[in-house]
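Taken in order, these protein sequences are the chains called A and B.
Per the working numbering, the first sequence starts with residue 1, numbered consecutively.
Per the working numbering, the second sequence starts with residue 1001, numbered consecutively.
These aren't lab readings, by the way, just hints derived from the structure by calculation.
Since this is a predicted model, take the numbers as computed values, not measurements.
Please note that a few of the clues may not be correct.
[To be verified] Simulated restraints on C-beta separations:
1) K173(A) with E1032(B): 50 to 58 Å
2) A147(A) with S1058(B): 34 to 42 Å
3) A55(A) with D1101(B): 54 to 62 Å
4) L44(A) with F1025(B): 49 to 57 Å
5) E1140(B) with T56(A): 25 to 33 Å
6) N1168(B) with A147(A): 53 to 61 Å
7) K1138(B) with E91(A): 19 to 27 Å
[Said to hold, decoys possible] When the alpha-carbon atoms are kept at most 25 Å apart in a straight line, the in silico BS3-like pairs for lysine-lysine are as follows:
8) K1164(B) with K1075(B)
9) K1138(B) with K95(A)
10) K47(A) with K95(A)
11) K1138(B) with K175(A)
12) K1069(B) with K1083(B)
13) K1069(B) with K1092(B)
14) K1138(B) with K1071(B)
15) K1092(B) with K1035(B)
16) K137(A) with K84(A)
17) K94(A) with K1138(B)
18) K1164(B) with K1256(B)
19) K1138(B) with K169(A)
By construction, the Cβ of each residue, glycine as well, lies at the ideal position given by its N, Cα and C atoms.
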Amino acid sequence: MFMNKKGITAGFIVSIMITMIAFIVISGVLLRFTNQGDDFEAELLCKQSIALRVATTVKIGSEDSWGIKAKLKSVPALCRTIDKRTTGNREKIKKEVADSMARCWEMFGEGKYEELLHSSDFSVIPAVFDFGETDNKCFNCYTINIAQDDIKGGPIMAGEMEDYLTTHKYKNKGKTYLDYIQTYGGPGRVVFTVPAILPREGYAISMMPKNREVGDGEAWKGVGKIVVGVVIVGVAVLVTGVVVACVIGTAGLCAAPAVATAAAAEAATVATAAAATSTAVTASGASATAIVTAAAEASAAAVAAETAIAAATASSGILGSGGAALAGAGLTTKVAVVAGAAKLGTGTLLTGGAMAYSGGKSVLTTFYGERDVSSIYLGNLQIAQEMCGSGDIAGE
Amino acid sequence: MGYATKLVFYIIPLILLIVVVFIFFGQGGAWEDLKDVISDAKTVAPDLTFGENTLNASEIITPAHHAVKIKELVKIINETMLKKGNDNCFVKGPVFDDFRDGDERTSISFVRVSNTESKLVVRSGAGGKQIDTTLQDKFENLVPCVIGGSKEITTNFVARFFDKTSSNPGNYFMPVGAVTLSYKFGATTSDGNGISVADFPEEKNPINDEGDNMENNGWLFTPDGKNICFFPTNKAVNADDDGIDNDYFDNLQGVKICS
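This is chain A alone, in the form it adopts within the complex:
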């Protein structure tokens, strides 16, 4: 038989290439599997370490003990922040966020225990030497990066997210997400400190265990003074467009930005019609402090529309005559939201230039400090990291 060396060589090269391609594909799948496995293991480790930690806690002395009072926790909480990268349609994103919130709740004992993240403490003659200092420890269970340029249908507003939690079930427990967090184990609640879920943004799911020492009066006063666990709309430093500042104390109540977001997305129509239902408020004077909770791209059109809206509302009032535009009322704050409402074209990234933290930060500090009920927070990644830190508790 006559051997064709060229044929043998070509066949060999093809075999090599097929083998390499197969290797790449298989290793990619395996890597992805092991990464998911790593996250699952991390969740399981955290959950079991928390369970062991609470089961092995030794308490010396009672609540009203006059002599020695101590709580010794010998098992560390072996938890680390798990980073997630999410893409897909809005239902997929909502499910990912909801599942993460529920799993975080599940990992940290479902709200059945107080002061989970507190370390051991010891005091002698507490009436004299115990000054009642309380740590406000919290932990970022997950970071979620919306790794896409656009969410079809627009930003996912907090109200929509709240509705999702109320109507969809957490498969592990057979209850709705909200019911699971609020009433399944210990009492809990959900807090949104961002007005919307935007594309190309990072968020954190944080666990806030209940503090034993937080008395009803103190925590309530803090909330009541702000606006009972509802909405904080921080004021904005107006630079060249619109800056969003909205903190939601509890689920889904950042309504003003929701409305203004819709308005901005339909900028031209709204401006022309001058019958906007926007709650945009035109700044007419001094700026005020704010927190920008989302990076925003505002197109020139949006800015123009805002101006038009402001002019229209200043003259005719919102929603027809008699309704007062706050411009006319002399307030000095612009709280309309354009952030992430739509990519209406090239625009100016407002976040960096428009940040002013002081007043808004104190508001958020108060919210992150409330501990009369164990809570799951969905918040801006940067702020959550500042408030709670991230990483590996066990490592610490």
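Guided by the hints, dock chain B onto chain A, whose structure is given.
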């Protein structure tokens, strides 16, 4: 082994055992004393327990007296106020009992969700911060508003509808993003049931820094069958940015009632 050895190894320990039994378990013996010592020691020794206490959630139940009035308020809004053709009319709604009742807290929020929809969110349960999903509701074409937020608005409203010194003085209501009825702690006023508005900035803070500013006797107002306005009140002047004088609501007469 001889008998003497057996005697030593068996009898003497037996006798010792009998003696010890008499000492400890005899009447007034050392055993009773030992028990007394241990009992006394227990009273002064610190308690020692293992494991954390467990919190158990209970069903979120809004106090019945609030739930009834919330449903009444929703009914009034839906059946009487949200109608085309309702121009500048008033409705007497329920007057809520104290939103703070011992450890219980209740708050009611009307939240604008979109251009065409608002929703009712009731919070109670633990810390008054859990959402009572059984009382949630949605309203088509409702915009929450307040008669407050600026002196111009309240002054105009009083002039037009209460004092009737002017027929059309200007802006007289303010649409807002969310209105919350809850128990409030006033910075300079008394604590009590109050109205808060989400939209206002912290530095210039009309309405929100007031405590019991809900002394409006349950009155509501709608300019157009879509905006549903609440009356935050003050106790000092006829009208300022915090609201209208609560005295106006003691015996409100001569106003158009929604039908």
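Hint by hint, here is what the structure shows:
1. K173(A) with E1032(B): 50 to 58 Å: Distance hint for K173(A), E1032(B) holds at roughly 56 Å.
2. A147(A) with S1058(B): 34 to 42 Å: Because 40 Å falls inside the window, the suggested range holds.
3. A55(A) with D1101(B): 54 to 62 Å: violated, 36 Å
4. L44(A) with F1025(B): 49 to 57 Å: holds, 55 Å
5. E1140(B) with T56(A): 25 to 33 Å: Roughly 55 Å apart at Cβ, these two residues miss the hinted range, so it is violated.
6. N1168(B) with A147(A): 53 to 61 Å: holds, 55 Å
7. K1138(B) with E91(A): 19 to 27 Å: Between K1138(B) and E91(A), where Cβ atoms are some 20 Å apart, the hint holds.
8. K1164(B) with K1075(B): violated, 30 Å
9. K1138(B) with K95(A): holds, 23 Å
10. K47(A) with K95(A): holds, 21 Å
11. K1138(B) with K175(A): holds, 22 Å
12. K1069(B) with K1083(B): holds, 21 Å
13. K1069(B) with K1092(B): holds, 12 Å
14. K1138(B) with K1071(B): The given pair, whose Cα atoms are some 13 Å apart, holds under the 25 Å limit.
15. K1092(B) with K1035(B): Not OK: K1092(B) and K1035(B) at ~73 Å, beyond 25 Å, violated.
16. K137(A) with K84(A): Answer holds: K137(A) to K84(A) is near 23 Å, not above 25 Å.
17. K94(A) with K1138(B): holds, 21 Å
18. K1164(B) with K1256(B): The hint holds at about 13 Å.
19. K1138(B) with K169(A): holds, 21 Å
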